[in-house]
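Whenever a hint applies, use it, and build me the whole structure from the sequences.
These are the residues of each chain, in order.
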Amino acid sequence: DAKTTQPPSMDCAEGRAANLPCNHSTISGNEYVYWYRQIHSQGPQYIIHGLKNNETNEMASLIITEDRKSSTLILPHATLRDTAVYYCIVRVATGANNLFFGTGTRLTVIP
Amino acid sequence: NAGVTQTPKFQVLKTGQSMTLQCAQDMNHEYMSWYRQDPGMGLRLIHYSVGAGITDQGEVPNGYNVSRSTTEDFPLRLLSAAPSQTSVYFCASSYLEGGKQYFGPGTRLTVT
Chain A
2 DAKTTQPPSM DCAEGRAANL PCNHSTISGN EYVYWYRQIH SQGPQYIIHG
52 LKNNETNEMA SLIITEDRKS STLILPHATL RDTAVYYCIV RVATGANNLF
102 FGTGTRLTVI P
Chain B
139 NAGVTQTPKF QVLKTGQSMT LQCAQDMNHE YMSWYRQDPG MGLRLIHYSV
189 GAGITDQGEV PNGYNVSRST TEDFPLRLLS AAPSQTSVYF CASSYLEGGK
239 QYFGPGTRLT VT
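Chains A and B supply the protein sequences, listed in that same order. Residues 2 to 112, numbered by our numbering, are exactly what the first sequence covers, in order. Residues 139 to 250, numbered by our numbering, are exactly what the second sequence covers, in order.
Source of the hints: derived by calculation from the structure; they are not laboratory data. Where a beta carbon is used, it is the ideal one built from N, C-alpha and C, also for glycine. Please note: incorrect hints may appear among the correct ones.
Computed beta-carbon distance windows for the label pairs [to be verified]: (1) G16(A) to S207(B): 47 to 53 Å; (2) T248(B) to T66(A): 41 to 47 Å; (3) M157(B) to N58(A): 37 to 43 Å; (4) T143(B) to K53(A): 31 to 37 Å; (5) P199(B) to N55(A): 36 to 42 Å; (6) M157(B) to I111(A): 20 to 26 Å; (7) D12(A) to G191(B): 45 to 51 Å; (8) S218(B) to N20(A): 43 to 49 Å; (9) T109(A) to F148(B): 41 to 47 Å; (10) E15(A) to K238(B): 25 to 31 Å; (11) S218(B) to S42(A): 23 to 29 Å; (12) S10(A) to S218(B): 36 to 42 Å; (13) T248(B) to Q46(A): 34 to 40 Å; (14) N20(A) to K238(B): 19 to 25 Å.
Now the stretches of chain A that chain B is said to cover, found in silico as 3 or more residues with beta-carbon under 8 Å [claimed, not checked]: (15) 41-48; (16) 100-110.
Some chain A residues well away from chain B (every beta-carbon gap over 10 Å; in silico) [said to hold, decoys possible]: (17) A14; (18) T27; (19) E56.
As structure tokens, then:
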């Protein structure tokens with residue numbers, strides 16, 4: 002599975018869009034980009050995933066560059082409850098159940 | 139659906155004791171796995187299972203044992219607890235598509 006690079010921390014004002022970047026320059030053609038978050042010490046929560054097209058769901062949007070070497074998770078209107086550690090993970094969609102979590106980005110939403 | 143449940147929520151063990159962390163899911167998922175998370179670090183995979191009767195090792199399997207006799211349950215056994223196993227343990231499950239996983243609330247284990 003490809004390795005990812007994320008900034009260790011970011012701040013975002015409440016109500017503004019939070020844009021979390023992820024670099025995955027060694028991604029393979031059959032690998033997806035997954036985003037999870039972990040609020041305080043709870044279990045990680047799946048947010049969104051995509052292969053090469055941009056994706057949107059009720060929680061967030063995922064923008065993947067055309068060369069697929071980087072992506073951005075967008076929380077359109079950040080709230081205080083979005084304060085969490087966000088993990089970008091790259092892996093194939095099927096197969097063994099091993100998600101490689103790194104250290105992620107700690108997003109702090111400021112009132 | 140209860141999703142993924144884990145028991146106990148908290149546990150304190152003495153060095154050398156053994157115990158079993160319980161994990162259950164009611165979503166009929168084939169894939170289940172165990173992770174540990176140490177302070178300030180990301181999650182690391184301990185063991186995983188692709189279906190009843192099938193298990194395999196992850197990144198940090200030493201000192202842990204698993205079995206999968208049913209689709210619903212995936213217990214993690216600590217054979218002889220050591221202080222280095224002090225951690226938060228998360229169980230997860232997923233559909234055939236392994237990337238989208240559902241995590242339990244975690245078990246906080248302290249070994250003294």
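Here's how the hints hold up against the structure:
At about 50 Å, the CB distance of G16(A) to S207(B) agrees with the hint of 47 to 53 Å. Checked against the given bound of 41 to 47 Å, the beta carbons of T248(B) and T66(A), roughly 44 Å apart, stay inside it. Hint check: M157(B) to N58(A), Cβ distance near 39 Å, so the stated range 37 to 43 Å holds. Here the CB-CB span from T143(B) to K53(A) is close to 36 Å, well matched to the stated 31 to 37 Å.
Hint check: P199(B) to N55(A), Cβ distance near 38 Å, so the stated range 36 to 42 Å holds. In this structure the supplied range 20 to 26 Å is violated for M157(B) paired with I111(A), their Cβ-Cβ distance being about 42 Å. About 48 Å separates the C-beta atoms of D12(A) and G191(B), a value consistent with the hinted range of 45 to 51 Å. Distance hint for S218(B) and N20(A): a CB-CB separation of about 47 Å, consistent with the stated range 43 to 49 Å.
At about 27 Å, the CB distance of T109(A) to F148(B) disagrees with the hint of 41 to 47 Å. Against the hinted window of 25 to 31 Å, the Cβ-Cβ separation of E15(A) and K238(B) comes to about 29 Å, which satisfies the hint. Restraint check, S218(B) to S42(A): a C-beta distance of roughly 26 Å satisfies the suggested window 23 to 29 Å. Restraint check, S10(A) to S218(B): a C-beta distance of roughly 38 Å satisfies the suggested window 36 to 42 Å.
Checked against the given bound of 34 to 40 Å, the beta carbons of T248(B) and Q46(A), roughly 25 Å apart, lie outside it. With their beta carbons about 23 Å apart, N20(A) and K238(B) fall inside the hinted range of 19 to 25 Å. Under the rule that three or more residues need a Cβ within less than 8 Å of chain B, the assignment of the stretch 41-48 of chain A holds, with 6 such residues. With 6 residues having a Cβ less than 8 Å from any Cβ of chain B, the stretch 100-110 of chain A passes the three-residue criterion, so the hint holds.
For A14(A), the requirement that its beta carbon stay farther than 10 Å from each beta carbon of chain B is met, with the minimum near 26 Å. Every CB of chain B is more than 10 Å from the CB of T27(A) (nearest about 17 Å), matching its label as outside the interface. Remark: the non-interface label on E56(A) is consistent with the geometry, its nearest Cβ contact in chain B lying 12 Å away (cut-off 10 Å).
The structure fails to meet hints 6, 9 and 13 from the earlier list, while all remaining hints are met.
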